[in-house]
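Trainee: Sequence:
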Amino acid sequence: MTPTAFRPAYTVQTEHTVLRCWSPSEAGLALRAIEANLEHLRPWMEWAKRYPMTVAQQAGQLRRMRGLFDLGQDFAYGVFNRDGSEVLGGTGLHPRVGEGALEIGYWISASHTGRGLATEVAGALTRVAFEVEGVRRVEIHCDPRNVRSAAVARRLGFVHEGTLRQRLVAPDGVLRDMMIWTLLADAYPTSRAAATAIEAFDVLGQKLL
Numbered sequence: 001m002t003p004t005a006f007r008p009a010y011t012v013q014t015e016h017t018v019l020r021c022w023s024p025s026e027a028g029l030a031l032r033a034i035e036a037n038l039e040h041l042r043p044w045m046e047w048a049k050r051y052p053m054t055v056a057q058q059a060g061q062l063r064r065m066r067g068l069f070d071l072g073q074d075f076a077y078g079v080f081n082r083d084g085s086e087v088l089g090g091t092g093l094h095p096r097v098g099e100g101a102l103e104i105g106y107w108i109s110a111s112h113t114g115r116g117l118a119t120e121v122a123g124a125l126t127r128v129a130f131e132v133e134g135v136r137r138v139e140i141h142c143d144p145r146n147v148r149s150a151a152v153a154r155r156l157g158f159v160h161e162g163t164l165r166q167r168l169v170a171p172d173g174v175l176r177d178m179m180i181w182t183l184l185a186d187a188y189p190t191s192r193a194a195a196t197a198i199e200a201f202d203v204l205g206q207k208l209l
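Under UniProt numbering, the first residue of the sequence shown carries the number 1, and numbering increases by one thereafter.
These are computed hints drawn from the structure, not numbers from a lab. Check the hints yourself; a few may be wrong.
What follows is a set of in silico ranges between Cβ atoms, one per label pair, in the way DEER data are often shown [stated by the list, open to error]:
id: 1; residue 1: Ala-185; residue 2: Arg-96; range: 26 to 32 Å
id: 2; residue 1: Trp-47; residue 2: Arg-148; range: 31 to 37 Å
id: 3; residue 1: Arg-145; residue 2: Glu-99; range: 36 to 42 Å
id: 4; residue 1: Arg-63; residue 2: Leu-184; range: 34 to 40 Å
id: 5; residue 1: Gly-28; residue 2: Pro-144; range: 31 to 37 Å
id: 6; residue 1: Asp-74; residue 2: Glu-199; range: 21 to 27 Å
id: 7; residue 1: Leu-184; residue 2: Arg-96; range: 14 to 20 Å
id: 8; residue 1: Asp-70; residue 2: Thr-190; range: 32 to 38 Å
id: 9; residue 1: Gly-28; residue 2: Leu-204; range: 23 to 29 Å
The beta-carbon is built from N, C-alpha and C at its ideal position, and this holds for glycine as well.
Generate the whole structure from the sequences, applying the supplied hints.
Mentor: What follows is the structure in structure tokens.
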């Protein structure tokens, strides 16, 4: 980190993607990606039931996300291809799991699954959480039936702490079980997540990692 750089990371570059704090101007790109993936997202993502929506409504959503990001209250990122012309998914660091901890959420477009992008993206934000935000614990939560999401956590070195019964409200309103995967700071340096190649930059473009 440079002496003048400051948190949070607004842009994170990985081998195949760019994670970027959402801008309302990207509403059209975001909406096209989400609506093309509704069948893919609705079984797992509660927020997907709000769609379809207009570009103006999507811009409103992104304005709220950007506001929370700028205030340091929640960190939602768009997942873009390297030149920024296509939305490949979404991800985020969420401080809803207690003091000194962040939860990672992620989704990847159905047309780009099977390439390891979810692992790359989640690994990148794990590095940001520990090395930029300085947390003690990172968590990933998923439905036990979402085997791809569980595989990402396992692959990165997260430990399955347990499965909470009927704790997750599914998009159809049914209560489902929720798996809790955790990576602690003392185990992080030897995890696969720590080996994820990234560059991270603050709001001024100054390098953090």
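Trainee: Does each hint fit the structure? Answer for all of them.
Mentor: Each hint tested on the structure:
The supplied range of 26 to 32 Å is broken by Ala-185 and Arg-96, whose beta-carbon atoms lie about 19 Å from each other. Checked against the given bound of 31 to 37 Å, the beta carbons of Trp-47 and Arg-148, roughly 19 Å apart, lie outside it. Checked against the hint of 36 to 42 Å, the C-beta distance between Arg-145 and Glu-99 comes to roughly 30 Å, which is inconsistent with it. Between Arg-63 and Leu-184 the beta carbon distance is about 35 Å. The supplied range of 34 to 40 Å therefore holds.
At roughly 35 Å, the beta carbons of Gly-28 and Pro-144 sit within the given window of 31 to 37 Å. A C-beta distance of roughly 23 Å is found between Asp-74 and Glu-199, which places it inside the suggested range of 21 to 27 Å. Between Leu-184 and Arg-96 the Cβ separation comes to about 18 Å, which falls inside the hinted range of 14 to 20 Å. Taking the beta carbon of each, Asp-70 and Thr-190 are about 34 Å apart, inside 32 to 38 Å as hinted.
In this structure, Gly-28 and Leu-204 meet the distance hint of 23 to 29 Å, their C-beta atoms being roughly 26 Å apart.
Violated hints, in rising order: 1, 2 and 3; the structure is consistent with all others.
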